[in-house]
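Undergrad: Sequence:
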Amino acid sequence: MAEFLQFLISGLTVGAVYALVALGFTLIYNASGVVNFAQGEFVMLGGMVTVFASAAGVPLPLAAVIAVVVALVIGLLLHRLAIEPARGASAVTLIIITIGASILLRGIAAIVFDKQFHKLPGFTGEAPIDILGAAVQPQSFWVLGGAAVVVVALYVFLEHTLLGKAVLATAANRLAARLVGINTTTIMALAFGGSAAIGAIAGILVTPITLTNYDVGTLLALKGFAAAMLGGMGNPLGAVVGGLLLGLLEAFGAGYLSSTYKDAFAFLVILIVLFAAPQGLFGRRAVERV
Numbered sequence: 000m001a002e003f004l005q006f007l008i009s010g011l012t013v014g015a016v017y018a019l020v021a022l023g024f025t026l027i028y029n030a031s032g033v034v035n036f037a038q039g040e041f042v043m044l045g046g047m048v049t050v051f052a053s054a055a056g057v058p059l060p061l062a063a064v065i066a067v068v069v070a071l072v073i074g075l076l077l078h079r080l081a082i083e084p085a086r087g088a089s090a091v092t093l094i095i096i097t098i099g100a101s102i103l104l105r106g107i108a109a110i111v112f113d114k115q116f117h118k119l120p121g122f123t124g125e126a127p128i129d130i131l132g133a134a135v136q137p138q139s140f141w142v143l144g145g146a147a148v149v150v151v152a153l154y155v156f157l158e159h160t161l162l163g164k165a166v167l168a169t170a171a172n173r174l175a176a177r178l179v180g181i182n183t184t185t186i187m188a189l190a191f192g193g194s195a196a197i198g199a200i201a202g203i204l205v206t207p208i209t210l211t212n213y214d215v216g217t218l219l220a221l222k223g224f225a226a227a228m229l230g231g232m233g234n235p236l237g238a239v240v241g242g243l244l245l246g247l248l249e250a251f252g253a254g255y256l257s258s259t260y261k262d263a264f265a266f267l268v269i270l271i272v273l274f275a276a277p278q279g280l281f282g283r284r285a286v287e288r289v
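The sequence shown begins at 0 in numbering that gives the first Met the number 0 and counts up by one.
Simulated from the structure, these hints should not be mistaken for laboratory data.
Among these hints, one or two may not hold up.
Computed spacing ranges between beta-carbons, pair by pair [what the hints assert, rightly or not]:
1. Gln278 - Ala1: 31 to 41 angstroms
2. Leu178 - Ala55: 20 to 30 angstroms
3. Leu256 - Asn182: 49 to 59 angstroms
4. Thr184 - Leu131: 46 to 56 angstroms
5. Ser258 - Asp129: 39 to 49 angstroms
6. Thr259 - Glu2: 13 to 23 angstroms
7. Tyr255 - Thr184: 25 to 35 angstroms
8. Phe156 - Ala55: 16 to 26 angstroms
9. Ala276 - Asp129: 31 to 41 angstroms
10. Ala134 - Val91: 44 to 54 angstroms
11. Ser258 - Val151: 30 to 40 angstroms
Cβ atoms here follow ideal geometry from the backbone N, Cα and C, with glycine treated the same way.
All chains, please: the whole structure from these sequences, using the hints.
TA: Okay, structure coming up:
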């Protein structure tokens, strides 16, 4: 029982991070139709900026705020300098642009920071908490709680604010949204900035548990993409469920099978979804009228 609970909490913790990355994918995809493979680099920036700002003497809460602001600004610049000039380009071209942005951000991070692994101290200490025989790090509760707050805040924003409804309208039909006076360019910029901030928050929350360095974003982006596809690309609820399921699959697979293949489960999920259910768990089947 203790072993099962240990794997369960570990899976939910890492799954919450995947869910936040998948939410970033979903937010941008809904607003602009772009699959942003630079999303993992925002997670990296959240952790790295917080680590180096904290090492420079900035209090940890302020360092975290600075990291989120830095990621948000870079997300806005990505849209303004790379995505907006390519408006009207094919989906493949836009994907290649985001992959290029990911490589660029990774290279800049290696120069500005370094290539070493770094870790933040736990927000409420490092001593594990015993839950029915399972040793749980206090930071796991910060990750789960922080992810829940982000999900609820995003839901309230989208469903109960005028700006959020403009995002939903743009996602539903960009041309119709433009015709009723919504500035879709601004909405898309907001989506890039918001997804960057969500990624940075994920990086800040998880860095006390898993080490961070300039190169961690690539694998996180792939796993977040797998989670978004599993849940149904474009569905926020699906992104959350897909992230949690992928985290649980990794944890139980590594625990009961072999940790050697832990990272392979994300790619296995992508293949299964592509072949068996391209629309994902919560996605809608595309219908084309002729």
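Undergrad: Evaluate each hint against the coordinates.
TA: A quick look at each hint next to the structure:
The given range of 31 to 41 angstroms is respected by Gln278 and Ala1, whose C-beta atoms sit roughly 38 angstroms from each other. At about 49 angstroms, the CB distance of Leu178 to Ala55 disagrees with the hint of 20 to 30 angstroms. For Leu256 and Asn182, the Cβ-Cβ distance of about 50 angstroms falls inside the hinted range of 49 to 59 angstroms, so the restraint holds. Distance hint check: the CB atoms of Thr184 and Leu131 are about 52 angstroms apart, consistent with the given range 46 to 56 angstroms.
For Ser258 paired with Asp129, a C-beta distance near 23 angstroms fails the hint of 39 to 49 angstroms. Distance hint check for Thr259 and Glu2: the Cβ-Cβ separation is about 19 angstroms, which falls inside the suggested range of 13 to 23 angstroms. Separation of Tyr255 from Thr184 is about 49 angstroms and departs from the stated range, judged on CB atoms against 25 to 35 angstroms. Under the hint 16 to 26 angstroms, the C-beta atoms of Phe156 and Ala55, about 32 angstroms apart, miss the expected range.
For Ala276 and Asp129, the hinted distance range of 31 to 41 angstroms is satisfied, since their beta carbons lie about 40 angstroms from each other. A hinted range of 44 to 54 angstroms for the beta carbons of Ala134 and Val91 is consistent with their spacing of about 47 angstroms. Checked against the given bound of 30 to 40 angstroms, the beta carbons of Ser258 and Val151, roughly 33 angstroms apart, stay inside it.
Violated hints for the displayed structure, listed by number in ascending order: 2, 5, 7 and 8.
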